[in-house]
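Just so you know, the protein sequences line up as chains U and Z, in that order.
Everything in the first sequence is counted per our numbering, starting at 139 for the first residue and increasing by one.
Everything in the second sequence is counted per our numbering, starting at 139 for the first residue and increasing by one.
In short, the hints are calculated from the structure, not lab data.
Treat the hints with caution; some may be incorrect.
Any copy will do: because identical chains look the same in the list, a pair fits if it lies in one copy or spans two.
Unchecked claim - In the DSS-like style, the derived pairs of lysine-lysine whose C-alpha atoms are separated by at most 25 Å in a straight line are:
#, residue 1, residue 2
1, 249, 218
2, 306, 218
3, 249, 215
4, 306, 249
5, 297, 249
6, 215, 306
7, 297, 218
8, 297, 215
9, 297, 214
Protein chains: 2
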Amino acid sequence: MRVVVLRLGHRPFRDQRLTTHVALTARALGAEGMILAERRDAELERVVEEVGREWGGSFWVEGGRPWREVVEEWRKKGGKVVHLTMYGRPLDEVLPLLRGHDLLVAVGAEKVPGEMFELADHNVAVGNQPHSEVAALAVFLDRLFGGEELRREFRGGRKRILPSERGKRVEFL
Amino acid sequence: MRVVVLRLGHRPFRDQRLTTHVALTARALGAEGMILAERRDAELERVVEEVGREWGGSFWVEGGRPWREVVEEWRKKGGKVVHLTMYGRPLDEVLPLLRGHDLLVAVGAEKVPGEMFELADHNVAVGNQPHSEVAALAVFLDRLFGGEELRREFRGGRKRILPSERGKRVEFL
Numbered sequence: 139m140r141v142v143v144l145r146l147g148h149r150p151f152r153d154q155r156l157t158t159h160v161a162l163t164a165r166a167l168g169a170e171g172m173i174l175a176e177r178r179d180a181e182l183e184r185v186v187e188e189v190g191r192e193w194g195g196s197f198w199v200e201g202g203r204p205w206r207e208v209v210e211e212w213r214k215k216g217g218k219v220v221h222l223t224m225y226g227r228p229l230d231e232v233l234p235l236l237r238g239h240d241l242l243v244a245v246g247a248e249k250v251p252g253e254m255f256e257l258a259d260h261n262v263a264v265g266n267q268p269h270s271e272v273a274a275l276a277v278f279l280d281r282l283f284g285g286e287e288l289r290r291e292f293r294g295g296r297k298r299i300l301p302s303e304r305g306k307r308v309e310f311l
Numbered sequence: 139m140r141v142v143v144l145r146l147g148h149r150p151f152r153d154q155r156l157t158t159h160v161a162l163t164a165r166a167l168g169a170e171g172m173i174l175a176e177r178r179d180a181e182l183e184r185v186v187e188e189v190g191r192e193w194g195g196s197f198w199v200e201g202g203r204p205w206r207e208v209v210e211e212w213r214k215k216g217g218k219v220v221h222l223t224m225y226g227r228p229l230d231e232v233l234p235l236l237r238g239h240d241l242l243v244a245v246g247a248e249k250v251p252g253e254m255f256e257l258a259d260h261n262v263a264v265g266n267q268p269h270s271e272v273a274a275l276a277v278f279l280d281r282l283f284g285g286e287e288l289r290r291e292f293r294g295g296r297k298r299i300l301p302s303e304r305g306k307r308v309e310f311l
């Protein structure tokens, strides 16, 4: 099961920090990469690469392709497209339909084209209240992987945290 | 069990969007309110109040008290203080110690005072990789409430979403 995040509607500068949170959340919670629709963002790519060098793993970010093309290609290859939106069906109901499939998980910034609702295989709500695409993605991935994603090892980095009750313990590799 | 979020290190303007995501995530995933340490932020309060008027519930935001004072008062009243940090102990291990207690859940912006690690009852990691305080809070609350939080009703708002497979269905109350 491959899981890739598709970030829609990213505006350079204005959305940079939030999109960085989306990318790092995707990485830490088990997605293999993130596609930034329509454009590239060199600063975002730099930050994510730097995190990978420091902390390991093989998470990637790419950008610059129109979102419809990404969605259509994913479906052509047999994967499913899931759009996270407060208007969608409850996560609990949809999750059983997703397991075992390759998933492209679309998360919007403030405005998402209406067409996304049509092209997605499933519109999924992490609660039907307004909150945050970062939070929605986090809960979605945690439920999808059943918590296993937090125990994964990220290999090849320069350092690793040694979990502790107090303070910051880091091992340099 | 009361759950209140304590937002540390918020800088006006620079952190406004992320802190808004923290607040709305806290609200949507079952916390009763959020305390913004040290300062108030009128714009943030306005946004959260507006969301409450539209979508219901009784979530509150307050600000302006020093974080140590908030932490000490919470503990004096018998509650526990949980600090979410990538350096902490795994969520799985700590969760059983938390259920049934009133929880103050501290989440930082970029820099958190070292003293927070000492004053917290538990330093808890939602994975030991860098990601997002919004994501960490979301997974923490979802695990704490076991998914029940997404089924809560928010009463007294002006509208409500009717979950659907396609499009946006909203009922005006």
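Hint by hint, here is what the structure shows:
1. 249 to 218: within (22 Å within a copy, 39 Å between copies)
2. 306 to 218: Cα proximity of residue 306 and residue 218: across copies only (21 Å, versus 40 Å in one copy).
3. 249 to 215: The answer is neither: 27 Å in one copy and 43 Å across copies each exceed 25 Å.
4. 306 to 249: between (39 Å within a copy, 13 Å between copies)
5. 297 to 249: Between copies only: 19 Å across chains, 38 Å inside a chain, cut-off 25 Å.
6. 215 to 306: The answer is neither: 44 Å in one copy and 28 Å across copies each exceed 25 Å.
7. 297 to 218: neither (35 Å within a copy, 31 Å between copies)
8. 297 to 215: For residue 297 and residue 215, neither the intra-copy (36 Å) nor the inter-copy (39 Å) Cα distance is at most 25 Å.
9. 297 to 214: neither (39 Å within a copy, 38 Å between copies)
Of the numbered hints stated above, those contradicted by the structure are hints 3, 6, 7, 8 and 9, listed in ascending order.
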